[in-house]
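Protein chains in written order, with this note's numbering: chain A, 586 to 831; chain B, 5 to 447.
Because the hints were derived from the structure by calculation, they are not lab data. Heads up, a few of these hints could be off.
Cross-link-like lysine-lysine pairs, in silico, BS3-like; alpha carbons within 25 Å at most [as the list claims (entries may be wrong)]:
1) B:Lys238 with A:Lys736
2) A:Lys815 with B:Lys61
3) B:Lys238 with A:Lys731
4) B:Lys238 with A:Lys700
5) B:Lys14 with A:Lys777
6) B:Lys238 with A:Lys691
7) B:Lys204 with B:Lys146
8) B:Lys399 with B:Lys414
9) B:Lys124 with A:Lys635
10) A:Lys730 with B:Lys238
11) A:Lys635 with B:Lys31
12) A:Lys635 with B:Lys61
13) B:Lys418 with B:Lys403
14) A:Lys656 with A:Lys691
15) A:Lys635 with B:Lys159
16) B:Lys115 with A:Lys635
17) B:Lys31 with A:Lys777
18) A:Lys777 with B:Lys61
19) A:Lys635 with B:Lys111
20) B:Lys66 with A:Lys815
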Amino acid sequence: MGMIDRVEVPRKVCPVIILADKSISMDGLPIGSENAAIEGILPELASMNKENPDAFIKFALMEFSTGVNWKTGIDGLVDPAEYKWVDLVADGATSFGLACKELNNKLSVSHGFMKQASGSMSPVIILISDGEPTDSYSVALAELKKNNWFKVAAKIAIGYGKANDKVLEEFTGNPETVIHTNDVQELKNLIKFVAITSSMVVSTGQATKSNTDTNADPDDTTSVVADALKQAQAALSDATDPGEEW
Amino acid sequence: MADIQTSIRKNQKIKLLNGQTVTVTGKIGEGGQGIVYRVKVDGTNEEKAMKWYFMYKINDPKSFCSNLADNVATGSPSETFVWPEQLTEVTNGSFGYIMEIIPDRYKALSKYLQARVSFKSCSAMVTAAINIVEAFQQLINKGYSFQDINDGSFKIDPTTGDVLICDCDNVVSFGKASGISGKARYKAPEVVRGDTLPNKVTDRYSLAVILFLLLVGNHPLEGARSNVPCMTGKYERRFYGQEPVFMFDEQLDVNRPVPGLHRNAIALWPCYPDFIRKAFIRSFSQDSLLRSEGRLIEQEWLMLLVRLKSCIVRCMNCGCEYFAESTIATACPDCMAYNTPPGYLRFDKKRTNVEITIPIADGAKLYEAELDERSKDYNTVSAEILVKPGKYGLKNLSKSVWEITAPGGKTVKKAPGEVAVLGTGFRIDFGNGVTAEIVANSR
Ligand SMILES: [Zn+2]
Numbered sequence: 586m587g588m589i590d591r592v593e594v595p596r597k598v599c600p601v602i603i604l605a606d607k608s609i610s611m612d613g614l615p616i617g618s619e620n621a622a623i624e625g626i627l628p629e630l631a632s633m634n635k636e637n638p639d640a641f642i643k644f645a646l647m648e649f650s651t652g653v654n655w656k657t658g659i660d661g662l663v664d665p666a667e668y669k670w671v672d673l674v675a676d677g678a679t680s681f682g683l684a685c686k687e688l689n690n691k692l693s694v695s696h697g698f699m700k701q702a703s704g705s706m707s708p709v710i711i712l713i714s715d716g717e718p719t720d721s722y723s724v725a726l727a728e729l730k731k732n733n734w735f736k737v738a739a740k741i742a743i744g745y746g747k748a749n750d751k752v753l754e755e756f757t758g759n760p761e762t763v764i765h766t767n768d769v770q771e772l773k774n775l776i777k778f779v780a781i782t783s784s785m786v787v788s789t790g791q792a793t794k795s796n797t798d799t800n801a802d803p804d805d806t807t808s809v810v811a812d813a814l815k816q817a818q819a820a821l822s823d824a825t826d827p828g829e830e831w
Numbered sequence: 005m006a007d008i009q010t011s012i013r014k015n016q017k018i019k020l021l022n023g024q025t026v027t028v029t030g031k032i033g034e035g036g037q038g039i040v041y042r043v044k045v046d047g048t049n050e051e052k053a054m055k056w057y058f059m060y061k062i063n064d065p066k067s068f069c070s071n072l073a074d075n076v077a078t079g080s081p082s083e084t085f086v087w088p089e090q091l092t093e094v095t096n097g098s099f100g101y102i103m104e105i106i107p108d109r110y111k112a113l114s115k116y117l118q119a120r121v122s123f124k125s126c127s128a129m130v131t132a133a134i135n136i137v138e139a140f141q142q143l144i145n146k147g148y149s150f151q152d153i154n155d156g157s158f159k160i161d162p163t164t165g166d167v168l169i170c171d172c173d174n175v176v177s178f179g180k181a182s183g184i185s186g187k188a189r190y191k192a193p194e195v196v197r198g199d200t201l202p203n204k205v206t207d208r209y210s211l212a213v214i215l216f217l218l219l220v221g222n223h224p225l226e227g228a229r230s231n232v233p234c235m236t237g238k239y240e241r242r243f244y245g246q247e248p249v250f251m252f253d254e255q256l257d258v259n260r261p262v263p264g265l266h267r268n269a270i271a272l273w274p275c276y277p278d279f280i281r282k283a284f285i286r287s288f289s290q291d292s293l294l295r296s297e298g299r300l301i302e303q304e305w306l307m308l309l310v311r312l313k314s315c316i317v318r319c320m321n322c323g324c325e326y327f328a329e330s331t332i333a334t335a336c337p338d339c340m341a342y343n344t345p346p347g348y349l350r351f352d353k354k355r356t357n358v359e360i361t362i363p364i365a366d367g368a369k370l371y372e373a374e375l376d377e378r379s380k381d382y383n384t385v386s387a388e389i390l391v392k393p394g395k396y397g398l399k400n401l402s403k404s405v406w407e408i409t410a411p412g413g414k415t416v417k418k419a420p421g422e423v424a425v426l427g428t429g430f431r432i433d434f435g436n437g438v439t440a441e442i443v444a445n446s447r
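Kindly produce the complete structure, drawing on both the sequences and the hints.
Shown next as structure tokens:
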């Protein structure tokens with residue numbers, strides 16, 4: 586190897602994990618929105634990977650209804666540039682507890698998705714749901730909350746229609762990262778916006794609150810993402826009607 | 005909700021504060037803070053770049069904007085800086101500024117770090133390092149701090165080592181905070197710890213990180229110890245702030261590079277001459293990391309780097325470029341053959357506390373700053389070592405007449421263009437206050 590031949594400086598992996606509800610109530614336009622949004626995120630994540638020398642985003646998608654299934658496979662996180670998209674098909678119930686249990690399993694170095702040679706950054710975990718859990722989820726969620734990866738993750742939830750925001754809030758641990766919409770077009774925009782903004786904030790290392798506030802808990806990634814989402818949304822509201830309801 | 009991208013449209017006209025207008029003709033790129041568009045200055049054929057901010061990424065837009073206006077008024081420290089030239093008026097709730105378009109031959113440092121671009125030669129790489137240090141010096145001399153320094157800020161030509169420094173909108177005078185929080189990897193530990201705002205001394209640390217990344221190809225503080233499964237905020241504070249350890253620290257061996265992971269450092273570190281390794285060991289010593297002490301000033305780096313450039317020679321075995329030590333054998337990084345130069349030039353005076361010796365080997369060059377005390381030119385070749393069967397010569401490429409004295413007392417003059425034969429114990433007076441002696445290495 587000559588002096589000018591190099592290999593890449595190791596990049597931390599930034600795991601982006603999406604838990605997507607595909608229960609039967611999503612059938613029709615909502616699941617269509619969800620599919621279009623998540624599919625649309627992948628090239629954006631791939632292009633972030635081309636630019637960022639600090640982190641490499643890897644992706645996992647869990648679909649849950651009556652059962653749970655890792656769409657991206659059970660071998661681990663995947664490169665968003667290489668994943669071949671297959672649409673989610675709506676069916677079944679909303680086994681949120683099962684989803685929590687399965688996520689807990691995979692948030693592990695020894696038997697899950699988190700073993701990376703160069704190490705990881707705090708994960709980004711995005712939950713999308715449109716209804717009340719149909720299983721008893723309390724125990725599974727409580728277990729999940731003890732998982733160290735989950736603790737340091739940026740957790741965001743998007744509720745659509747009849748989703749119970751209280752449950753979503755239990756999941757994220759922060760009301761500011763629970764975003765609700767009843768509009769199916771907005772659902773698509775929101776999923777994309779949330780996924781891209783939070784992945785950007787975490788993967789570019791902006792998610793350390795100690796950057797600006799040395800007294801803040803440096804591991805509260807969720808609240809940093811909350812701030813970013815808030816600011817971005819405020820900047821993005823393209824109000825044209827001054828009489829618009831606040 | 006509107007799409008961020010559509011806040012500026014193609015063909016949209018934007019007014020500048022100086023009354024001119026520009027027309028947006030396309031998009032050049034996108035960064036964390038905003039989007040860069042290609043624009044045409046109306047009424048001229050001039051093309052410029054326009055950075056347009058995501059306002060929500062700016063903590064304190066008012067002071068950010070006034071700092072930017074100050075920088076426009078002060079003007080660029082040198083042509084290395086892609087400096088803000090004119091602010092725009094506020095349009096659709098945001099604003100931006102106009103600057104030069106960066107030519108395609110310049111590639112972002114981040115691409116070198118990802119091994120998507122590589123230097124065409126060792127001398128291009130060292131020239132780039134010199135250019136970066138010079139730019140830093142110019143900036144510091146103007147009283148600015150480069151707070152948001154990171155790998156995206158540098159654009160480098162892989163063939164020549166020419167450097168442009170971008171993101172100059174985040175440059176602020178010392179004592180002010182830019183409102184942008186840079187990446188922990190590039191920030192001085194005392195800034196990560198929250199002990200101080202960025203200042204001249206913290207910038208010198210960031211400079212050393214950039215130089216290490218450029219030359220050695222890994223981050224100085226990333227090794228076995230910092231390779232945790234999850235780099236949480238707490239760990240980030242620890243490894244870059246509270247308990248940082250250099251991967252090649254002389255006393256602490258807890259953070260050595262990991263085989264298979266920090267491959268560049270493992271392969272390249274032993275290939276640098278001792279004086280460069282010492283400079284990094286000092287830059288990232290515990291004294292530097294924990295007490296901000298002992299960091300190299302720009303002038304020291306410049307002399308060390310020009311000396312490094314003078315050490316670039318061709319391997320006698322395979323022809324590959326490598327850095328030769330003056331007095332000891334160096335392994336060619338390509339074919340691993342060991343080469344020892346027959347001797348070296350030892351300069352009598354230290355320069356900015358840097359001792360200068362240059363190996364006598366095929367391809368070694370001396371630069372103007374080495375042969376003229378007053379010169380700040382680290383690029384112009386003033387002498388070159390030539391080889392003929394059985395003898396070495398030094399060609400005078402400077403503007404001065406040299407005086408060479410043999411141990412027996414015989415003196416000859418060598419005018420520009422002439423070649424001086426090098427013999428043991430010869431003394432060369434290069435003029436301009438610089439003298440050296442030829443020292444033979446024992447066989
Ligand atoms: Zn060789």
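Hint check, failures only: Result: no hint breaks.
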